Amino acid sequence: MAKNKRDGANRRTGRRSSGPITFFVAVIIVALGLIQLVSTFHAYAINLSELNGLRNQQAQLVEHKRDLENQIRRWDDKAYVTAQARDRLGFVFPDEEAIRVLHPEAVTGSKDKDQAGSKGVRAPRKNSLPWYQEMAYSFAKADQEPTANGSKGESSPTGSASPSGSSSPGGSDGPSPSEGGGAQ
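In case it helps, our numbering puts the sequence shown at residues -16 to 167.
Incorrect hints may appear among the rest.
[As the list claims (entries may be wrong)] Cβ-Cβ distance ranges computed for the label pairs, FRET-style: (1) D50 x P129: 42 to 50 Å; (2) V90 x E117: 20 to 28 Å; (3) R38 x Q127: 25 to 33 Å.
Derived by calculation from the structure, the hints in this document are not laboratory data.
All values derive from a computational prediction rather than experimental measurement.
No residue lacks a Cβ here, since even glycine has one placed at the ideal position from N, Cα and C.
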């Protein structure tokens, strides 16, 4: 009987000593579960925000595609093509005479506000030429003989120095398109 009392006492003390260990193991398991749950929700939130961003990007791309297709369809209209040829390239019909005002502020007294303020169109540079005149000027400039060492004011290969000392379009290299030397 005494032996049975000792076994019962050992069982009680064994249960009491395993109680805190079981509690700490349970707390650790719950903490690991919470960490997994939080990381899962965090990944879900990140994926959801990325999905929303991609949806917004898709909507923007669809709108951009629609705008581009609309611009392509505009070129099927002969009136639009004619207007673009007149505005961009300066084309005129055979029975018309082209008149280009080089300095509209001298005529009107104020700057041309509709060109500078129009949306989507760059204001022209101060000394800009039509593209075909700029190209002709570039070809003419490329055909000129280079100076001895490429610096300004030095003597040319023929031995004569440039009177103005500059190689700018307004120099003495010949008439520039902006001063009336090119086709207008």
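Comparing the hints with the structure gives:
A hinted range of 42 to 50 Å for the beta carbons of D50 and P129 is consistent with their spacing of about 47 Å. Checked against the hint of 20 to 28 Å, the pair V90 and E117 passes, with Cβ atoms roughly 24 Å apart. About 58 Å separates the C-beta atoms of R38 and Q127, a value inconsistent with the hinted range of 25 to 33 Å.
Consistency note: the structure conflicts with earlier hint 3 alone.
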